[in-house]
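Enquirer: Each chain is listed here by its residues.
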Amino acid sequence: MKTKKVRQVPSYTIDASLDRFSGENLFPEQLKRANEAISKYGLPKEYYLSQGITPPDSNS
Amino acid sequence: MPVKFPQYAFSTEENRDAFRFTSVGPKGEIKKIVLYSRTGINNVYNLAFGDYNGHNDDLDDLSVSDNRDTQKILATIASTFLVFIENHPKAWVLAEGSTKARTRLYRIGISQNLTDISSEFAIFGYMDPGGWQPFNKNTDYMRFMITSKQNLQHYED
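As you go down the protein sequences, you meet chains A and B in turn. Count along the first sequence from 1, then add 41; that gives the number in my numbering. With my numbering, the residue at position 151 of the second sequence is 135, and numbering never jumps.
Okay, derived cross-link-like pairs now, DSS-like style, lysine-lysine, Cα gap no bigger than 27 Å in a straight line:
1) B:K(-12) <-> B:K15
2) B:K15 <-> B:K56
3) B:K84 <-> B:K121
4) B:K(-12) <-> B:K11
5) B:K74 <-> B:K133
6) B:K74 <-> B:K121
7) B:K84 <-> B:K15
8) B:K56 <-> B:K133
9) B:K84 <-> A:K81
10) B:K56 <-> B:K121
11) B:K133 <-> B:K(-12)
12) A:K73 <-> B:K15
13) B:K84 <-> B:K(-12)
14) B:K133 <-> A:K86
15) B:K(-12) <-> B:K121
16) B:K84 <-> A:K86
17) B:K84 <-> A:K73
18) B:K121 <-> B:K133
19) B:K74 <-> A:K81
20) B:K121 <-> A:K86
21) B:K11 <-> B:K84
22) A:K86 <-> A:K73
23) A:K86 <-> B:K74
24) A:K81 <-> B:K121
25) B:K56 <-> B:K(-12)
26) A:K81 <-> B:K133
27) B:K74 <-> A:K73
28) B:K84 <-> B:K56
29) B:K56 <-> B:K11
30) B:K74 <-> B:K(-12)
Calculated from the structure, these hints are not laboratory results.
Produce the entire structure from the sequences given, and follow the hints as far as they go.
Expert: In structure tokens form, the structure reads like this:
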């Protein structure tokens, strides 16, 4: 019988005042750098495979 | 995979992609924000972290607050990751410090917990030259990517 692994998730509180941060680009420079890095360096080939995409040739 | 180091209590919102906690130390109380932001790529999120100024509603990811609680902050960020990924199971999280020192801290944090992390998650590091590779403790990576192992194409539980 296979037992399902249950991940222990830390406890936390919900604070509705954080709703305005959700989905917002609050660190625009960081996100810009991240997107530039993805464009330039790509992502792990495992990511592309997981999405059903052929990895770019430049990926190792 | 529980986070075994002391950490701060934190709060989040309905979508579990924005988190806040308060760092306490010699410099006083400093509010911190952790955000998992969508990139332009499907299921890829960027981890961003910085100080929150409640007076002018400003965020700063470059300040060095030096509250002597680096380990506790890293553990707290790791816990926010667990909450985020629980609610976004298909996510691939990209992490790169806003400074080289922060990137190094992320690497140290991952290395210290690698056995625990890698039981559930696949971790990759990027180096130049070399590109993306499975995370190795002794390598000075520029950025990291973490996803649940269940998102790997050939993963079997």
